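A.B. asks: Mind docking chain B on chain A? Use the hints.
Protein chains: 2
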Amino acid sequence: MTSWPSDVDIAASRPMRPIDQIGERLGIPPAHLFRYGDHVAKVDHRWLEGLPRRADAKLVLVTATSPTPAGEGKTTTTVGLTDALNLLGHKAVAALREPSMGPVFGMKGGAAGGGYAQLNPMTDINLHFTGDFAAIAAANNLLAAMLDNHLHQGNALGIDPRRIMLKRVLDVNDRALRDIVIGLGGPTHGVPRETGFDIVVASEVMAIFCLATSLADLKERLGRIVVARRQDKSPVTAADLKAHGAMAALLAQAISPNLVQTLEGNPAFVHGGPFANIAHGCNSVAATTAGLALADWTVTEAGFGADLGAEKFLDLKCRMAGLRPDVAVVVATVRSMKYHGGVAVADLEREDTAALQRGLANLDRHVGNLREVFGLPVVIGVNRFPSDTEAELDVLRRRAGELGVALQVATHFTDGGKGAADLAGAVVTAAAPGTLRTAYDTDASLLEKVTAVATRIYGAAGVEMSSAVQRQLEQFEEEGYGALPVCIAKTQTSFSADPSLRGAPSGHTLTVREVRLNAGAGFVVFVCGDLMTMPGLPKKPGAERIDVDEDGAIHGLF
Amino acid sequence: MTSWPSDVDIAASRPMRPIDQIGERLGIPPAHLFRYGDHVAKVDHRWLEGLPRRADAKLVLVTATSPTPAGEGKTTTTVGLTDALNLLGHKAVAALREPSMGPVFGMKGGAAGGGYAQLNPMTDINLHFTGDFAAIAAANNLLAAMLDNHLHQGNALGIDPRRIMLKRVLDVNDRALRDIVIGLGGPTHGVPRETGFDIVVASEVMAIFCLATSLADLKERLGRIVVARRQDKSPVTAADLKAHGAMAALLAQAISPNLVQTLEGNPAFVHGGPFANIAHGCNSVAATTAGLALADWTVTEAGFGADLGAEKFLDLKCRMAGLRPDVAVVVATVRSMKYHGGVAVADLEREDTAALQRGLANLDRHVGNLREVFGLPVVIGVNRFPSDTEAELDVLRRRAGELGVALQVATHFTDGGKGAADLAGAVVTAAAPGTLRTAYDTDASLLEKVTAVATRIYGAAGVEMSSAVQRQLEQFEEEGYGALPVCIAKTQTSFSADPSLRGAPSGHTLTVREVRLNAGAGFVVFVCGDLMTMPGLPKKPGAERIDVDEDGAIHGLF
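Note that the protein sequences, when read in sequence, are chains A and B.
In case it helps, the working numbering puts the first sequence at residues -15 to 542.
In case it helps, the working numbering puts the second sequence at residues -15 to 542.
In isolation and in its complexed conformation, chain A is listed as follows (with noise of 0.2 angstroms):
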């Protein structure tokens, strides 16, 4: 494997097609594209939203088993599962994530897929892209001048200042801005106060968004956020402080769906990518539903593991904007199943079929979560590595078989779309028609649906909190938030909320230290564990290595 090419030679050596020609094979007359050069176009928004769903339209969410060090392949298996579908003859597109450039300059490099199975062109997509990201940082720290503008003008709305829940966003790894005094220098220079950046992913401002249906709803919703409060803890929006038509201004272009293409030239919205811990982890509702108006075949991946991504995807994105996947992927894999069955990560590429036996219960809980509280139909794929023996692709067949779960080992990885054809013809037959089956009914109380999702999905025995915390789940509820629906922030690497906890723990307690309402986004946080919204960069940042030549070829983001 020395010699295997990296992604940035693999999409080099595959010319893409004009995305005119990508969009076509979607029905999109040329007139409803904005071109940002050749190979990446917006779709007008006004365009899509005026078209119905198709009759035949599935929809495919691809997750995963809870995420380790090994890597499980949630967005190569897509961009595979689609390619697979093309080939077989069925029109299908991909729905993605945008990368944020946090971690492209810190740890991760970029995010666009890898192998054969990626999305081009990637550099664009990993840098700046559309500007999305920039416009809603932008309509975000436009919000957040406004609100310290009006504390120094006199404060007619009478905000506390201690009481300010907005902060600034930027796009960057920076953990020195994480905590920060502004409006100092004396009275010319605002009101002194604490505050924060968060990173844009991070912000309600991404959540809403990925959920606005339209430019209304996301103009109301951006007039929703509950910015501040005041001495008598009311809530401030930004409505209030008349700044959301401004905003929503500022994202009036970035809202219409991005569309790129695969390696094998089959179509890909990648639009929006908040976060899945403290929002809800999915691409754009306005890309998802583009897909299910010009396709037959959409498919979609939800952040992290099925408890986190999953859950979010089906209780808060398809609750709110009337969807549900006909079929679930969960995407596992021979390592990270040893992972979870206790192998240390220098150790996962020896056989172990023992551990890997074990590590299954970490799968079984995401395959019985998504059947029996989300009802749907799952199709088991494995994301084969090269360390992988026949041995242990049996033992997880055969527990796919116990389960009475289709399995397919792809393959996408080295061979693009022909490889992930065997669980493209899964995905065929297992997919079928059905009402959304939610973890918990929003009329429940707030900490009713906090104690569904722990209980149901995660698999704990209750949920714990401070009685500070309740009092403000009872003062959302005095205020009318109560119907929300909950997003629970806590690790992604367990079930639980302790990060070491592999496999699938039971009867744990989870833990509740804060709640933040997101009125725009409409839902209410449950912070569970350390919470990162501002990364910082490791000691040697990946920045280090990138470069570009004096041809504007850009080097080591790959």
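Where hints are given, some of them may not hold.
Unchecked claim - Mimicking DSS-like on lysine-lysine, the simulated pairs with C-alpha atoms at most 25 angstroms apart in a straight line are:
| hint | chain 1 | residue 1 | chain 2 | residue 2 |
| --- | --- | --- | --- | --- |
| 1 | B | Lys524 | A | Lys226 |
| 2 | A | Lys75 | A | Lys523 |
| 3 | B | Lys226 | A | Lys523 |
| 4 | A | Lys226 | B | Lys226 |
| 5 | B | Lys523 | B | Lys75 |
| 6 | B | Lys226 | A | Lys524 |
What the hints assert, rightly or not - Just the calculated beta-carbon pair ranges, DEER-fashion:
| hint | chain 1 | residue 1 | chain 2 | residue 2 | range |
| --- | --- | --- | --- | --- | --- |
| 7 | B | Ser371 | A | Pro171 | 54 to 62 angstroms |
| 8 | B | Gly418 | A | Asn139 | 36 to 44 angstroms |
| 9 | A | Ser218 | B | Leu141 | 31 to 39 angstroms |
What the hints contain is simulated information worked out from the structure, not anything from laboratory work.
The structure displayed is predicted, hence computed values, not measured ones.
Just so it is clear, CB atoms sit at the ideal spot from N, CA and C, and this is done for glycine as well.
C.D. replies: Relative to the frame of chain A, chain B by itself:
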């Protein structure tokens, strides 16, 4: 005039031509256009860099008298003159700065000309445009994050946290970010220190972006930015932090000039937009040289009055890029001359030839500087307002006659290009090639250079500064920065550093409060008077009036 159509209505009444057609008029093959929709494109800088300047290419600098609240109209004159030159059968292109979003949502509204002398599409140009400012902010803020990360990870370079000059930037008016403390919250959240945010246009990265002649030159300049000093005061650069490659990668697309059109369908480059005080206040070298390679006439603008804008255009941009304007147009108005003659803003519409006569001292000084110091042919362009009387215009005409300078009254605001046809004729007649003359030689000392500008351009008796500032200058010279040209930041409303001194004050002293090294941009900034590098919002921000309707039409920008 009550029924005069708004700028946005005028723009909407003029259909835009496809940007390919605009490019074709300049001989740009479509393959070298990177389109943003149908009406905006970047022209590939790699292709442009290979083109020679046309033998007959002429460069017109549009500058003005000292700015007053009455407004002079440099941008409308630049657009009108470009349209007029095209009407006269010349191939002319405008080269202008990109507007910052800060003022758009603050007090000033959009900036892309006005009336019948506008750029199109004006809303796009004023909001995000092609993402250049977002890319500049991202590059600047990545550098800042790498710097604070370096402190946090052990500070191997020995940076003195009290001597960090680099600030973060945002493209928003946000006074509360001027003076801040970052890195609070304990040892995992960085190293606490004082800093602040500037607006993007005030950043050295913006100045570098506008002065770079190629991607390689850009990267080198970025690497030379002095971000901080050690305890022994020795400089630490962006290259020391290994940040310049990634910064250049973030700017690799942005450095290609943006092409749009005037209302009359003539080409205009709109690219870069540094402040005219702390930086040099002109569009990018890339855009100006693109014009000189592709058109017969390139009409460009420099910020503020000629004492700041034209001086920096000539002493900084032209000197560095090997340019020389063939003619300078000094924009003046009857109203602003009356203002300089002592008339209050409220009374400017009343005829007052005596005050006008007094105010001409300001025009005389600017014209004299351009002719005598810089050796440029000059034309006076009077931007006519409805309240101007013939008697007043005659006073202006007489003075031009006495000065031996052509003067033409232009009505492009109401009449478009044909309203500036006489002015264009005078420009064509006056233009003459020559050798660039500057206000000082770079081999003079830094003190001699600032003194030359103060005495020769501002009419000052001399320069004064504290011994601390003098020591700082000596240090710059010891470090090898003594050969850099100087960039003086002072009020734009007076030749002196006192904003209230109208007309043409003489014998004043220029007090230097602070000096800053911009080693990447390649100049030393002399701060004389208050320097605002992060504006604030007014009591009632323009943003409150800005809105977008369901169809995406944005209102309230203009």
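A.B. asks: Does each hint hold? Answer for all of them.
C.D. replies: Here is how each hint holds up against the structure:
Of the pairs offered as hints, the one joining Lys524 of chain B and Lys226 of chain A holds, with about 10 angstroms between alpha carbons and a cut-off of 25 angstroms not exceeded. For the hint pairing Lys75 of chain A with Lys523 of chain A, the CA-to-CA distance comes to about 45 angstroms; that exceeds 25 angstroms, so the pair is violated. Under the criterion of a C-alpha separation no larger than 25 angstroms, the hint pairing Lys226 of chain B with Lys523 of chain A is consistent with the structure, at around 13 angstroms. The suggested pairing of Lys226 of chain A with Lys226 of chain B is violated, with an alpha-carbon distance near 43 angstroms, which exceeds 25 angstroms.
A threshold of 25 angstroms between alpha carbons decides the hint, and for Lys523 of chain B with Lys75 of chain B the separation of about 45 angstroms lies outside it, so the pair is violated. Simply put, Lys226 of chain B and Lys524 of chain A have alpha-carbon atoms about 10 angstroms apart, close enough for the 25 angstroms limit, and the pair holds. The hinted range of 54 to 62 angstroms is not satisfied by Ser371 of chain B and Pro171 of chain A, whose Cβ atoms lie roughly 39 angstroms apart. Range check, Gly418 of chain B to Asn139 of chain A: about 59 angstroms between beta-carbon atoms, so the 36 to 44 angstroms window is missed.
Here the CB-CB span from Ser218 of chain A to Leu141 of chain B is close to 50 angstroms, at odds with the stated 31 to 39 angstroms.
Comparing the model with each numbered hint stated earlier shows that hints 2, 4, 5, 7, 8 and 9 do not hold.
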